[in-house]
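Now for the letters of each chain:
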Amino acid sequence: MRQLLKRHWQRWLSRRIPPAASVRLTQRRIFIVPTRVGVVFALALLLMLLAAINYQNSLAYALTFLLASVFIVAILHTYRNLAGLVLKAAGAPSVFVGEQGPFRLRLESSARAHQAITLGWPSTAYQTRDVPAQGVSECELSLPALRRGWLRPGRLRVESRFPLGILVAWSWVDLDQALLVYPQPLEGELPLAAGADDELDEQGMRAQGPGSEDFQGLKRYQPGDSKRRLHWKAYSRGQGLLVKDFAALSGREPWLDFEALAGDVELRLSLLCYWVLQLSERQQPFALCLPGQLLAPASGEQHRDACLRALALFGTPA
Amino acid sequence: MSGQADIPRISLTWLLVAQLLVIVPHLSHLPLWIVGLWLGCAAWRIQVLRMRAGYPNAWVKAGLLLGTAVGVLLSRGSLIGLDAGVVLLVAAFILKLLEMRTRRDALVVIFLGFFVVVSAYLFDDSLLAALFSLLPVTALLAALIGLQQSGVAAQPWATARLAAGLLLQAVPLMLLLFVFFPRLGPLWSLPLPSERAVSGLAESMAPADIAELSRSGGLAFRASFAGAVPPREQLYWRALTFEHFDGRRWSQSAFARLPQVPAWEKQGEPLHYSIVMQPSSQSWLFALDVAETSLENTRQMSDYRLQRGRPVERTLLYQVTSWPAAVREPAASSDSLRRVLQLPEDGDPRSRAWGAELKRQYPQPGQLVQAVLSHFNREPFGYTLRPPRLGLNSIDDFLFESRNGFCAHYAGAMTFVLRAAGIPARVVAGYQGGEYNPGGDYVQVRQFDAHAWVEYWQAGKGWVSVDPTFQVAPERIELGLEEALVDEQSFLEGSPFSPLRYRQLTWLNQLRLGWDNLNHGWQRLVLGYQGAQQLELLQRWFGRIDARVLALGLVGGGGLLLGLLALWLFKPWQRARDPQQRLFRRFERLLARHAVLRQPGEGARAFAERAALALPAQAQAIHDFAAAFEAQRYAGQEPCSALLRAHLRVLRRALPWR
Chain A
1 MRQLLKRHWQ
11 RWLSRRIPPA
21 ASVRLTQRRI
31 FIVPTRVGVV
41 FALALLLMLL
51 AAINYQNSLA
61 YALTFLLASV
71 FIVAILHTYR
81 NLAGLVLKAA
91 GAPSVFVGEQ
101 GPFRLRLESS
111 ARAHQAITLG
121 WPSTAYQTRD
131 VPAQGVSECE
141 LSLPALRRGW
151 LRPGRLRVES
161 RFPLGILVAW
171 SWVDLDQALL
181 VYPQPLEGEL
191 PLAAGADDEL
201 DEQGMRAQGP
211 GSEDFQGLKR
221 YQPGDSKRRL
231 HWKAYSRGQG
241 LLVKDFAALS
251 GREPWLDFEA
261 LAGDVELRLS
271 LLCYWVLQLS
281 ERQQPFALCL
291 PGQLLAPASG
301 EQHRDACLRA
311 LALFGTPA
Chain B
1 MSGQADIPRI
11 SLTWLLVAQL
21 LVIVPHLSHL
31 PLWIVGLWLG
41 CAAWRIQVLR
51 MRAGYPNAWV
61 KAGLLLGTAV
71 GVLLSRGSLI
81 GLDAGVVLLV
91 AAFILKLLEM
101 RTRRDALVVI
111 FLGFFVVVSA
121 YLFDDSLLAA
131 LFSLLPVTAL
141 LAALIGLQQS
151 GVAAQPWATA
161 RLAAGLLLQA
171 VPLMLLLFVF
181 FPRLGPLWSL
191 PLPSERAVSG
201 LAESMAPADI
211 AELSRSGGLA
221 FRASFAGAVP
231 PREQLYWRAL
241 TFEHFDGRRW
251 SQSAFARLPQ
261 VPAWEKQGEP
271 LHYSIVMQPS
281 SQSWLFALDV
291 AETSLENTRQ
301 MSDYRLQRGR
311 PVERTLLYQV
321 TSWPAAVREP
331 AASSDSLRRV
341 LQLPEDGDPR
351 SRAWGAELKR
361 QYPQPGQLVQ
371 AVLSHFNREP
381 FGYTLRPPRL
391 GLNSIDDFLF
401 ESRNGFCAHY
411 AGAMTFVLRA
421 AGIPARVVAG
431 YQGGEYNPGG
441 DYVQVRQFDA
451 HAWVEYWQAG
461 KGWVSVDPTF
471 QVAPERIELG
481 LEEALVDEQS
491 FLEGSPFSPL
501 RYRQLTWLNQ
511 LRLGWDNLNH
521 GWQRLVLGYQ
531 GAQQLELLQR
541 WFGRIDARVL
551 ALGLVGGGGL
561 LLGLLALWLF
571 KPWQRARDPQ
581 QRLFRRFERL
591 LARHAVLRQP
601 GEGARAFAER
611 AALALPAQAQ
621 AIHDFAAAFE
631 AQRYAGQEPC
641 SALLRAHLRV
651 LRRALPWR
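Sequence order for the protein chains is A and B.
With the working numbering applied, the first sequence covers 1 to 318.
With the working numbering applied, the second sequence covers 1 to 658.
None of these hints come from the bench; they were simulated from the model.
Ideal Cβ placement from N, Cα and C applies to all residues, glycine included.
Hints are not guaranteed to be accurate.
To be verified - Looking from chain A toward chain B, a few residues come up when the C-beta cut is under 7 Å (computed):
hint: 1; residue: Ser58
hint: 2; residue: Ala62
hint: 3; residue: Pro163
hint: 4; residue: Gly165
hint: 5; residue: Phe258
hint: 6; residue: Leu261
hint: 7; residue: Val265
Using the sequences and the hints given, assemble the complete structure.
Written out as structure tokens, the structure is:
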């Protein structure tokens with residue numbers, strides 16, 4: 001029953017306030033009711049009225065009526081504080097799972113100032129902003145990114161209790177915002193496409209030369225490293241157990257392959273994500289191979305973003 | 001939002017200001033230690049605000065609470081009752097301000113503040129008090145607004161201006177509610193403030209024991225006449241009668257307390273007037289003889305006074321019709337006459353003898369009364385507010401020895417002598433005269449206008465009023481107390497700064513009369529606006545009055561006022577205030593007349609290109625306008641309506657007229 005009502009309510013809302021990147025709060029989109037403070041205020045007025053009646057005191061009547069009128073006039077003021085405000089989506093940069101997804105908003109005033117505008121999603125902490133007359137106020141709200149893929153925050157609550165706090169005017173705004181959540185990067189073995197192993201051996205050696213920069217082509221073995229990457233030649237020279245750190249590789253583009261990994265899908269995506277970031281940071285061209293999707297070897301931010309996007313959206317309905 | 005958040009600085013500032021403003025009107029009737037408590041707590045709270053002190057801990061709070069309760073108990077004698085209740089309310093307001101930390105606490109303080117303002121009205125509901133109370137109300141509202149402000153950018157004065165603006169905008173609606181909201185009678189009885197009502201009238205009088213009578217200039221009542229104001233010497237305002245004399249003290253007879261409608265006939269022209277009476281804590285009203293009033297719960301008693309069911313604790317407005325020429329009780333029962341012939345068992349032998357002698361001399365009661373009056377007139381009697389104390393036989397002492405006194409002496413002595421002569425008589429207490437206020441066309445009667453006179457009964461003529469004081473000091477009746485006391489200088493001795501003492505200063509006197517006029521209007525129109533007045537006013541405006549008219553007036557009037565306020569607040573006619581936007585609309589309308597309609601969401605450029613295709617002959621003009629509009633709107637060019645208007649004009653001329 002509640003679910004049904006909720007669906008009904010959402011449908012009604014999206015008819016009334018259709019999603020858009022820029023929403024102007026107008027009469028049809030603002031709701032207003034007394035707050036709990038307002039109810040207490042009304043009760044206090046009732047007590048004053050009782051005092052006025054029992055003491056037959058005209059001034060007590062007058063003050064009661066004055067405050068009651070203030071209550072009613074405050075409806076207009078509370079509404080006015082929200083009316084005419086324009087909310088615009090101002091971008092939502094991508095984040096990784098486990099981070100806070102920032103949604104940027106612009107509050108624009110077309111005429112008068114709007115004070116103490118509170119914004120937020122019901123599940124998060126609300127933020128309060130003042131918007132100067134004919135001015136702009138920026139606001140960044142964040143939601144925890146729990147799952148990869150598109151993060152759609154749902155309807156944003158915009159409310160204002162200004163000036164008296166006895167009434168609350170609010171609107172549910174859908175700025176049609178979405179934020180891409182990449183998988184959480186997890187450090188782990190390099191998921192190379194099968195068959196590239198032998199060549200890597202050579203390249204690993206090469207990287208050890210004087211030309212190598214701030215990293216080692218080989219690093220000390222740690223439990224969990226793939227045994228396939230143990231550098232046996234070094235071991236036989238008595239240099240201990242070393243692992244080929246493919247990061248040192250240059251010249252040939254590594255192919256990051258989903259199929260080369262074991263484990264569940266999310267884990268594999270996380271590992272791939274880690275390597276996409278690592279390789280991009282070193283400006284090493286690489287290719288990404290996902291089932292049914294291949295991103296040709298390249299480097300640069302664009303390539304990285306395309307790869308991350310592919311990882312984020314892997315297996316999700318487009 | 002959360003009630004736990006800190007109180008914004010602005011709100012706190014205004015709360016401290018509000019506290020001062022809320023408490024000031026109470027100072028006159030609060031015990032002094034409350035002021036000490038307030039100053040201490042305010043200083044402490046300010047130190048907390050400046051981070052120089054901490055909040056009181058639980059022990060300190062408990063101690064303060066207990067101390068306050070004990071203080072109230074000591075200074076008010078009880079913890080219940082209105083006086084103690086108000087002290088407790090103010091104390092709670094002070095202590096809560098000290099310990100408040102969160103927004104919820106601040107809300108409690110603000111609501112308490114409103115209650116303290118209301119409680120001040122019970123003690124003082126004058127025009128000045130009402131105007132002053134707008135200050136604390138504004139400050140409390142400012143504190144309420146401050147709670148909603150984030151605090152960094154907000155300015156205290158801007159917040160107060162907003163609060164004052166809200167109040168101002170609420171005024172029309174408040175007036176509507178005030179006029180139309182139905183007034184009910186008290187739902188249950190409540191204690192009233194113990195009024196220190198100064199009255200020139202007491203329930204009994206013992207002139208022999210008064211060495212000095214200093215009367216206050218306090219207001220007793222004001223009377224507005226529907227027609228011409230009768231001359232001063234006819235203004236004898238009856239309050240009550242004294243029929244019983246015990247040798248020193250005149251008092252009301254027990255019989256006078258019984259409601260018994262006396263026999264009287266309406267004769268002559270009636271006088272219509274209304275009286276706004278100050279609280280007296282007594283239940284008798286003031287009126288000229290013989291009076292009828294429409295006031296509920298009020299009746300005429302056997303001695304023609306008007307008696308209300310309960311004491312007058314609030315300013316009271318009532319309408320009276322009086323028939324000065326009425327004949328009162330032409331045929332009285334012997335029972336009631338015996339009561340007004342009562343004399344003490346013994347004492348005052350010389351007066352009794354004089355009475356008996358007069359009776360022998362003048363068989364006609366009328367002649368006898370005249371003889372007594374002319375005796376007062378002829379013999380060296382004097383009028384003074386500093387009479388000598390009188391001995392055991394007070395009437396004898398006054399009539400034959402001291403021969404100096406004020407109205408109570410003369411009225412008492414004359415009644416005594418008349419009774420000794422076998423004429424039924426009694427003392428009437430009330431007010432005489434009053435000051436005419438030409439600005440407001442009403443008579444104001446003050447406590448020093450209190451007076452006592454005599455009425456005697458004569459078969460066939462009924463009760464007749466006479467005033468022995470008039471024989472001694474006619475200026476007291478014709479001009480007022482001040483003139484009667486020119487030599488003695490005892491007029492308002494106790495209050496050297498009373499403006500009444502400086503009536504010879506014309507401008508001051510005019511100021512005083514004007515101010516009094518204002519207060520009179522305030523009392524009649526605002527304070528007196530209760531049940532009967534409301535009905536009368538509404539009936540005058542709307543003819544018939546019932547629940548439907550009231551509801552219609554409230555809802556209809558309220559809707560209208562709110563609509564006007566909304567218009568004024570939102571100014572919908574200024575919506576397209578942006579001149580470029582307005583000119584673009586005109587551009588749109590112009591092209592619409594030539595069947596080129598802008599699609600929803602179509603940009604200025606796209607629209608112009610489409611229009612140029614549709615109207616190739618005017619393409620240049622259309623492009624010019626669109627380009628200028630775009631440049632000003634989006635390319636940061638200086639807005640220039642004149643340029644746009646010029647382009648529009650060119651386009652209009654290029655287009656065939658349609």
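Verification of the hints:
1. Restraint check, A/Ser58 versus chain B: the minimum CB separation of about 5 Å is within 7 Å; hint holds.
2. This hint holds: A/Ala62 has a C-beta 6 Å from the nearest C-beta of chain B, less than the 7 Å allowed.
3. For the restraint placing A/Pro163 at the interface with chain B, the shortest Cβ-Cβ distance is roughly 5 Å, inside the 7 Å limit, so the hint holds.
4. For A/Gly165, the interface hint holds, since its Cβ comes within 7 Å of a Cβ in chain B; the closest pair sits about 5 Å apart.
5. With a cut of 7 Å, the hint placing A/Phe258 at the interface with chain B is violated, because the nearest CB-to-CB distance is about 43 Å.
6. Nearest Cβ of chain B to the Cβ of A/Leu261: about 47 Å, over the 7 Å cut. The hint is violated.
7. Given hint, A/Val265 at the interface with chain B, is violated; its Cβ is 41 Å from that chain's nearest Cβ, farther than 7 Å.
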